[in-house]
Amino acid sequence: MPDVNETINGLLGELRRGTIVIGVLSQLTEPQYGYSLVPVLEEKGVAVDPGTLYPLLRRLEKQELLESKWDTNEARPRKYYVLSPFGKEVYEGLCREWRKLIVSMEALTAEAKGGD
Amino acid sequence: MEIIDRYIYAVTQRLPESQRADIKRELRGLIEDMLEERAPAGQASRQDAESVLTELGHPNELAAKYRGHNDRYLIGPAVFDSYLTTLKIVLVSIAIGLSVLFAIQVIVTPDGVLERFTDYLVSLFSAGAQGFVWVTVIFALIEFRKRKNAAGTADSPVDWKPADLPEIPDEQSRIKLSDPIASIIFTVLFTVVCVYSIELLGIWRLHEGERTVISFLNADAFRAYLPVIWALAALGILKESIRIIVRNRTGKLLAFHIAVSIASSVAACVVLADSAIWNPDFVRDMEAAGLLNPGWDNYDSLVSIWTRASGWLVGMVVLFGAIDIVSEAYKWYRVRRSA
Numbered sequence: 462m463p464d465v466n467e468t469i470n471g472l473l474g475e476l477r478r479g480t481i482v483i484g485v486l487s488q489l490t491e492p493q494y495g496y497s498l499v500p501v502l503e504e505k506g507v508a509v510d511p512g513t514l515y516p517l518l519r520r521l522e523k524q525e526l527l528e529s530k531w532d533t534n535e536a537r538p539r540k541y542y543v544l545s546p547f548g549k550e551v552y553e554g555l556c557r558e559w560r561k562l563i564v565s566m567e568a569l570t571a572e573a574k575g576g577d
Numbered sequence: 058m059e060i061i062d063r064y065i066y067a068v069t070q071r072l073p074e075s076q077r078a079d080i081k082r083e084l085r086g087l088i089e090d091m092l093e094e095r096a097p098a099g100q101a102s103r104q105d106a107e108s109v110l111t112e113l114g115h116p117n118e119l120a121a122k123y124r125g126h127n128d129r130y131l132i133g134p135a136v137f138d139s140y141l142t143t144l145k146i147v148l149v150s151i152a153i154g155l156s157v158l159f160a161i162q163v164i165v166t167p168d169g170v171l172e173r174f175t176d177y178l179v180s181l182f183s184a185g186a187q188g189f190v191w192v193t194v195i196f197a198l199i200e201f202r203k204r205k206n207a208a209g210t211a212d213s214p215v216d217w218k219p220a221d222l223p224e225i226p227d228e229q230s231r232i233k234l235s236d237p238i239a240s241i242i243f244t245v246l247f248t249v250v251c252v253y254s255i256e257l258l259g260i261w262r263l264h265e266g267e268r269t270v271i272s273f274l275n276a277d278a279f280r281a282y283l284p285v286i287w288a289l290a291a292l293g294i295l296k297e298s299i300r301i302i303v304r305n306r307t308g309k310l311l312a313f314h315i316a317v318s319i320a321s322s323v324a325a326c327v328v329l330a331d332s333a334i335w336n337p338d339f340v341r342d343m344e345a346a347g348l349l350n351p352g353w354d355n356y357d358s359l360v361s362i363w364t365r366a367s368g369w370l371v372g373m374v375v376l377f378g379a380i381d382i383v384s385e386a387y388k389w390y391r392v393r394r395s396a
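Chains as they are written, first to last, in this note's numbering: chain A, 462 to 577; chain B, 58 to 396.
Derived by calculation from the structure, the hints in this document are not laboratory data.
Keep in mind that this is a model prediction, so the values were computed, not measured.
It is possible that part of the hints are untrue.
[Stated by the list, open to error] Calculated lysine-lysine pairs in the DSSO-like style (CA-CA distance at most 30 Å, straight line): (1) B:Lys233 to A:Lys549; (2) B:Lys388 to B:Lys233; (3) A:Lys523 to B:Lys81; (4) A:Lys523 to B:Lys233.
Looking at chain B on its own, in the form it has when it is part of the complex (with noise of 0.2 Å):
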């Protein structure tokens, strides 16, 4: 019976994926025998089922019966296999990232590559600490709501009905992990390049051997928005984190997707739509480089372009905020129509 699944499923989703498969064997044996107390076998109404499900209790009671009296956890047993999941791509995310910087900057400046791989080494290892602690940290807020969520109905077990159970989620409205998984690999790359070299950002060039950076960006400049940058991280890791977790289009979870990508949207245009950031040197190095001539007749259109790149680039921002918003909710929508 589909009700008997429900509350099998949300029971068991909030134990150790572990003993998970044990224990909906076990419970679906034990709601059966139950039944066939109360009617002969398969022909228990659902009104039996219902009155079976009342006697076992609330799912979250019979779920913390089943983790023992220790329930004060900082990640718990219903999130801690996400938890794993997301820190093994966060933690990859940064290797691989910083990897391919030392890469860059081993090919820009051959010269002391022992140094840079002592850099290389300590950046490993402080940006490894730094994703290990944000996506903890994510985590047990995370935990820490789910419980307070907890106490809020296990403090009415009386009322509780069977009929209350939410619905298994289905193959076509669950989110596809490697979803989430690309986002994070994103963000966490995006951080790496924005906090460890974001002068590598420019106009590279060869020239007799040697290898030079324009960069497109101050660098001094840029790092006082690190903590933005942080920020949205965190904010990007979190909404995906969740994603993980539920593995569901719901509304609940799209509406935080909105606030979360207007949110990034807005920030980033504010930290491009600061002239600050850009190097003001740009053009001048473009001409000592020899890439660009103030005698050349597209000379002032080529200036113009840089000019008003930052436009451009926060125009994208916004697009590419809107593409992304009008996905998920067409998504959501098409779930929701099918259901």
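Just chain A, with the same shape it has in the complex (with noise of 0.2 Å):
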């Protein structure tokens, strides 16, 4: 028999990748370059690695959710991020889903539970 913990590891992690974005584009009203928001995200218990962080990045800004530009005044050169006006709004509405969302689940969860 497959083992719980890793089971639950495995769908949790399909959950959370889906709502990584939203933490990202929630962190994103001020500009932020990729590794200040790795600490920031952690604190606030959505862990994510670098590794899934920078490239997730750079989709969001592809899809023109995000701007970015060069800081180069630094010792180190770094690409700061931040929410562009359709961002904003996508990011809005995401929120007002999101919400349904626990809604709904909460709904379905509770009801499981009552028919016990």
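Two chains, two frames, some hints: make the complex.
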């Protein structure tokens, strides 16, 4: 029989993958570079490794949700990302959908519990 | 640190060229940030670097994340630029080759230019389509093999160690791009001549305003060998495409080069040694044109040149094949020794 914890971790990974986008967008009202986002997200319980975050930031930029700018004033050149006006709109829409999703899931899981 | 350069190189090599510079810069910044977390600036050890790279994961996987989900390419970003280069060379050589042949044909027989011009346009289109298909099929095969290899290593990303990263090729071991380009042009021109105008290979004669060509070869018999010519062209372009992609003198590439050279030389010798491909009426045509006369003292020796020509050509093919193999092997050896 498959291990319960292992299975939960696998499924949780899938669930998290989709929510990371909302997490990242939520933190980018102010410009941030990739690695500065890692501890911010981790502190709030959303652990994401840089190998996932960096490509994700580029993808969101390509989808025009984010804008980027190289800051070469510091010793180490860094690419800063910030929400674009379009990204802001998308983020707000996503949040609305997310809340609806929480309510629906809440109702579904409560129902299952009640039926026992 | 050198191992970091190797890692960044391994990742960016698998990405489209247009994104490489930006990702390279960003990735270097990230790795430096991660290193700084492990040790004060400038004091990171190799172990620190290796642990950062291990955390970032196998370069293939990181590159795959940068490329996004859709990884099912016919010709992926890692080889797409080489594909365009090769395609351009092949198409341009076909156009040049056919145009030159068209010009020659018009000079030889100035009648029916319009008809020849239509023929020229049709062959331009059909040969162009052929070239396009061959190059695309070759690169699709290369892509397919690459993916199979990548899947093999990605199955065990846990076992991956930064020390496994391949060296960044240095300038000296790099193959000059002009080298494969020249080979492709030669291959294409050779194929174009064989396929479209083999009868033009011969002795040209201008007599009383009329141009005639006494062909060396029997075009009908030679046509039976065209599939061999096509196969050799495809093999040759495959080899040069791999050289354009790898751009580096490696032992494996040398082995492949030698295998292709031997196969092409053997095939060429087999074709040349077949007496049926030679024009059986060559001596008679020469006599008819007055270029050869049985009354001449050296008639027998002149005729024997013709009858022995195929043997000499076979010898020349073998000689050139051997020179090519030795010079490639030497270039590879020099790179190895200096490494």
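Here's how the hints hold up against the structure:
Proximity of lysine 233 of chain B to lysine 549 of chain A is assessed by CA-CA distance (about 49 Å); at most 30 Å being required, the pair is judged violated. At most 30 Å may separate the alpha-carbon atoms for a hinted pair to count; lysine 388 of chain B and lysine 233 of chain B meet this at roughly 12 Å. For the hint pairing lysine 523 of chain A with lysine 81 of chain B, the CA-to-CA distance comes to about 17 Å; that is within 30 Å, so the pair holds. The suggested pairing of lysine 523 of chain A with lysine 233 of chain B is violated, with an alpha-carbon distance near 35 Å, which exceeds 30 Å.
The structure fails hints 1 and 4 (numbered hints given earlier, in ascending order).
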